[in-house]
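S.K.: The residues making up each chain are set out below.
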Amino acid sequence: MSGDTKTLFREYPRFLWRCFQLSFVGDWKYYTWMFFLSVVALFGLNAYAKQFVQGLITTGMTDQVSWALYIANFTYLVGVAAAAVMLVIPVYIYKNKDLHNLVIFGELLAVVAIIMCLLFITADLGRPDRFHHLFLRFNFPMSILTWDVIALNGYLLLNLHICGYLIYCAYNNRRPTRKFYIPFVFVAIVWAISIHTVTAFLYSGLGGRPFWNSAVIAPRFLASAFAAGPALIILTLQVIKASTGYPVSEKAISTLKGIVTVALGINMFLLISEVFTEFYTGTTHAASARYLFFGLHGYSALVPWIWTAIGLNSFALIVLLTPAGKKRWVLNAACVAMIVGIWIEKGMGLIVPAFIPSPLGEIVEYVPTLNEILVCTGIWAFGLLIYTILVRVTIPVLYGELTVDTVYHTDPEKKLKQRQATKEATKEAMKESASVSL
Amino acid sequence: MAKSDASASRSPVAGYFVGVGFLILASVFLLGKSSVEIPLTEQPPVRAEQIMPGAFRVALADPPMVNIGTYDQRCNDCHGLFENTRPEYRELTQHTNIILDHGINDGCLNCHDKGDREKLTLRGGGTVGFDQVAQLCAQCHGPIYRDWQKGSHGKTIGYWDTDLGEATKLTCSQCHDPHSPSFKPMPPLPGPHTLRMGKHYADHGDLVDDKNPLQRWRLDEHAESDSAEQGGDH
Amino acid sequence: MQLPIMTNTTNEDGCPTRQYASRPGMTRRSFLRRGTAATGAVAAIAASLSPLRELADTDEFTVANFIQKHYKEMDGQDMAKALERISAQVEKRYDIRPNIRDIKPMDGVEFVYALNLTRCIGCRKCVHACVAENNQSRSPEIQYIRVLEMPRGTNDIEQGNHHYQRATVPSEDHYYMPIQCHQCASPPCVKVCPVEATWQEPDGITVIDYDWCIGCRYCEAACPYWARRFNFSKPSIPNDKINPNMSYLSNRPRSKGVMEKCTFCLHRTREGKMPACLEVCPTGARKFGNILDPDSDVRKILESKRVFVLKQDLGTLPRFFYYFDERDPINEKVPTGTPSGGDA
Chain B
20 MSGDTKTLFR
30 EYPRFLWRCF
40 QLSFVGDWKY
50 YTWMFFLSVV
60 ALFGLNAYAK
70 QFVQGLITTG
80 MTDQVSWALY
90 IANFTYLVGV
100 AAAAVMLVIP
110 VYIYKNKDLH
120 NLVIFGELLA
130 VVAIIMCLLF
140 ITADLGRPDR
150 FHHLFLRFNF
160 PMSILTWDVI
170 ALNGYLLLNL
180 HICGYLIYCA
190 YNNRRPTRKF
200 YIPFVFVAIV
210 WAISIHTVTA
220 FLYSGLGGRP
230 FWNSAVIAPR
240 FLASAFAAGP
250 ALIILTLQVI
260 KASTGYPVSE
270 KAISTLKGIV
280 TVALGINMFL
290 LISEVFTEFY
300 TGTTHAASAR
310 YLFFGLHGYS
320 ALVPWIWTAI
330 GLNSFALIVL
340 LTPAGKKRWV
350 LNAACVAMIV
360 GIWIEKGMGL
370 IVPAFIPSPL
380 GEIVEYVPTL
390 NEILVCTGIW
400 AFGLLIYTIL
410 VRVTIPVLYG
420 ELTVDTVYHT
430 DPEKKLKQRQ
440 ATKEATKEAM
450 KESASVSL
Chain V
2 MAKSDASASR
12 SPVAGYFVGV
22 GFLILASVFL
32 LGKSSVEIPL
42 TEQPPVRAEQ
52 IMPGAFRVAL
62 ADPPMVNIGT
72 YDQRCNDCHG
82 LFENTRPEYR
92 ELTQHTNIIL
102 DHGINDGCLN
112 CHDKGDREKL
122 TLRGGGTVGF
132 DQVAQLCAQC
142 HGPIYRDWQK
152 GSHGKTIGYW
162 DTDLGEATKL
172 TCSQCHDPHS
182 PSFKPMPPLP
192 GPHTLRMGKH
202 YADHGDLVDD
212 KNPLQRWRLD
222 EHAESDSAEQ
232 GGDH
Chain W
280 MQLPIMTNTT
290 NEDGCPTRQY
300 ASRPGMTRRS
310 FLRRGTAATG
320 AVAAIAASLS
330 PLRELADTDE
340 FTVANFIQKH
350 YKEMDGQDMA
360 KALERISAQV
370 EKRYDIRPNI
380 RDIKPMDGVE
390 FVYALNLTRC
400 IGCRKCVHAC
410 VAENNQSRSP
420 EIQYIRVLEM
430 PRGTNDIEQG
440 NHHYQRATVP
450 SEDHYYMPIQ
460 CHQCASPPCV
470 KVCPVEATWQ
480 EPDGITVIDY
490 DWCIGCRYCE
500 AACPYWARRF
510 NFSKPSIPND
520 KINPNMSYLS
530 NRPRSKGVME
540 KCTFCLHRTR
550 EGKMPACLEV
560 CPTGARKFGN
570 ILDPDSDVRK
580 ILESKRVFVL
590 KQDLGTLPRF
600 FYYFDERDPI
610 NEKVPTGTPS
620 GGDA
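Residue numbers (our numbering), protein chains in the order written: chain B, 20 to 457; chain V, 2 to 235; chain W, 280 to 623.
Quick caveat, the hints were computed from the structure, so don't treat them as lab data. Please note that the accuracy of each hint is not assured.
[Stated by the list, open to error] Under the rule of at most 20 Å between Cα atoms (straight-line distance), these lysine to aspartate or glutamate pairs were calculated in the EDC-like manner:
1) B:345 / B:148
2) V:151 / V:132
3) W:513 / B:148
4) W:383 / V:162
5) V:34 / W:605
6) W:348 / B:148
7) V:185 / V:167
8) V:151 / W:451
9) W:360 / W:370
10) V:170 / W:550
11) V:185 / W:574
12) V:170 / W:572
13) B:198 / B:23
14) V:151 / W:605
15) V:34 / W:336
16) W:371 / W:336
17) V:151 / W:604
18) W:351 / W:480
19) V:185 / W:604
20) W:513 / W:336
21) W:520 / V:50
22) V:151 / W:574
23) W:383 / V:164
24) V:170 / W:574
25) W:383 / W:582
26) W:513 / V:38
27) V:185 / W:451
28) W:584 / V:148
29) W:371 / W:582
30) V:151 / W:582
31) B:434 / B:424
32) V:185 / V:164
33) W:383 / W:338
34) W:579 / V:148
35) W:513 / W:381
36) W:579 / V:162
Just chain B, same shape as in the assembly:
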């Protein structure tokens, strides 16, 4: 065993190197896609360099609206990361067979989403050069932000471990040892709920911001995340299927569709609860909500956004609940609608309005600057770039095309032959134990 372990460790750098090499292999579509993402990411890096030199004055933020697009994207992506759990729970708790081979893509998405979260937080910091102060004076447990630091990084490590372990086992033609990942999977399930709860507590714990100071924020975060996240996964899986031929069953999609429908329904219900409480009581604390939904004193920059979001989400919910949702393109349209709708809801609907009016009643509207938008799209492109690479190297490993004792084929015929061989081998293994998990 120890000698075996040693080999495993010695092989690891080679594994990483081969993955790195493989990430440069692809057809012209792949190159175009990666080049496009690199260009957008570099524009973001360039914009961030400007921000680093000049300060956050390059953004549209002010002392009045002191958190905006960066934090909005961060919040949204925490939701996407947490939503991976919606694949994990059916597979590991309810032993769902259809999602079995897909759960890894959800976990990889979580890894990428958390990396993007951390980048957005870094972009939002006034002094990223003092990041190490977090390790020197960590205000735990008083500051919820420190909880979030632990939650996010912990979740990143958990998922890196789970994905990394499973993929590396496949690479080595080994069956994963349950005790090395199953406990982590269950910790990750609880952790996924906690990352979004803690992020919601960041906001709902502030008494000075009545718009956030509501107990429904955390459940609403979870509901919207479990709608937008799996919706994103539905689209991603279809892209993966189309571009790599990786099997994604109809049943898997329809399971996810069910999750999305329920979560979106709960999200809409919580939104209605929130809106009722704010407007029926009609206290002065509803000023932010009035600004958001109807405009305040002639200021109404967010009104079109929030109604667009409500429209998109309602459309998605109606479509999903009616037979029309059975058509694939309708489902996809609904997914896009709710991804966009919930993104708006998190950004323009949750972060920005809490600052308008300011605690002293001043109305300063927020409009992102071009530089700020470039940084955001750059981070998104960078995230997609990583995700593409991760998927690109994972699939050959899962197919047995890239293992410790094989060499990656570029010849389609040989590849096909190899795939069939792996399939046979996997079937054998499945017979032996019903609980092999990848």
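Starting from the known structure of chain B, arrange chains V and W on it as the hints suggest.
M.R.: The following block gives chains V and W in isolation, referenced to the frame of chain B:
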């Protein structure tokens, strides 16, 4: 992606395209602006004398000195020469710079002592010096006087900790002009001009803020509607 | 780029073998191809970072800055070093040698502010005296005090006008409410800081270590009184406007990307003096002192006047109190022609 690796080997020129693309991108970065333009508004200057600390006005000392013309003079230099026999309520022929606006307290000798012009007169008889003006004022303004004694009215400057330095409790006439005691309106110093400032109230509640870079579209909108109105007139 | 290609990877029953093909040699063409791509990528990354050239002449990212300890962990020597570094920085930037100290809180002192809303006329002198005293950035503008013009008949600060511009103040239909840091006894801003860069001192003043703040602005979101300000860019102060009387925790010049706030002028008040906003107030509406001293003005005001604090329901326990006088001089017209006896 992986499916069509074979075609990748058949299109070896991709590397060139990517490389050239990146080089073009690099030149775009180098030729482009290396900084972002920031819409900062010009700050209205505030002069040092507008924010001078200390007493609001200079009160007469005890004994009072008055400058009429070129010399500083004591009150009794003139008033000691002759006895006042004229009626109390009349147009002033001297001290015409004084505007008396003290409510129903409209007679000079209500406060100034008839016999000794360097003293202030008290209601029950007796006089106090000009530095004791609070005692005079207290005769009518009882509650204010009590507030002043307790420190909730008036102004104390210098040191709050009297072990470390002197606390100067300003007296009535160091803020109020005794002849016209109510506080005069004054122009306010400039308001806030923070980054991307919001609502700029004009008195008539117009929402347009020409200083706010984010509201320029509102200006355009106004200009358009204005020109439309003018067009209608023609 | 390609992975090493193998001529024969599976034997007849489909099992992979451990046999590797020899790695194909790198052709000149593939080398050129890879070289172009790699060069392009490196050039693009380097060029995208080109705005960082501007950092060449900054004094923000020095080793001394990087290794400086948290305020509470510095001993006398560390502090002396830090003060010397800051002095040199100020001298270099503003061409003036500052008198900068680290002034500790006094024993048996808890500062409290009281503000007489009846007397405030909204002249904004406090705002600008504060800017001058505390070396706040002029552009972009940072001010610690906001004066609200409030319509009579309401206490709802959301109805206040921040931007009133009048020929003269006060307006007869309004009263004026200056708002600055309330130095809460239970400060939400301190609670949320992830790196303990802000804390409450024993004399009740909430301070910031400007060299420790990471600029996350969580405190700014948490403050219900909008008392905290962020340096969105490098502050700009004309050299002739620098106040050389400085302290580490209050008015020394700040850098880009950190928070700042009102400290009740602790470089003045911890030496027994009154804060700058009080000294400049023309109407004496501002009152300051040690609440633990039974003879202080603020103690007597809290005992004798009807005081209130803003947003009491949030449980922040402000040390900044507002009060009204019993009568209002602005709108009260003294009747003329009747015998005296008024006490307005």
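S.K.: Each hint should be assessed against the structure and marked as holding or not.
M.R.: Structure-based check of all given hints:
no., hint, verdict
1, B:345 / B:148, "violated, 51 Å"
2, V:151 / V:132, "holds, 19 Å"
3, W:513 / B:148, "holds, 15 Å"
4, W:383 / V:162, "holds, 15 Å"
5, V:34 / W:605, "violated, 61 Å"
6, W:348 / B:148, "holds, 14 Å"
7, V:185 / V:167, "violated, 29 Å"
8, V:151 / W:451, "violated, 28 Å"
9, W:360 / W:370, "holds, 15 Å"
10, V:170 / W:550, "holds, 19 Å"
11, V:185 / W:574, "violated, 32 Å"
12, V:170 / W:572, "holds, 17 Å"
13, B:198 / B:23, "holds, 18 Å"
14, V:151 / W:605, "holds, 15 Å"
15, V:34 / W:336, "holds, 19 Å"
16, W:371 / W:336, "holds, 12 Å"
17, V:151 / W:604, "holds, 13 Å"
18, W:351 / W:480, "holds, 11 Å"
19, V:185 / W:604, "holds, 19 Å"
20, W:513 / W:336, "holds, 13 Å"
21, W:520 / V:50, "holds, 13 Å"
22, V:151 / W:574, "holds, 9 Å"
23, W:383 / V:164, "holds, 17 Å"
24, V:170 / W:574, "holds, 14 Å"
25, W:383 / W:582, "violated, 29 Å"
26, W:513 / V:38, "holds, 14 Å"
27, V:185 / W:451, "holds, 12 Å"
28, W:584 / V:148, "holds, 9 Å"
29, W:371 / W:582, "violated, 49 Å"
30, V:151 / W:582, "holds, 10 Å"
31, B:434 / B:424, "holds, 15 Å"
32, V:185 / V:164, "violated, 36 Å"
33, W:383 / W:338, "violated, 28 Å"
34, W:579 / V:148, "holds, 10 Å"
35, W:513 / W:381, "violated, 23 Å"
36, W:579 / V:162, "holds, 15 Å"
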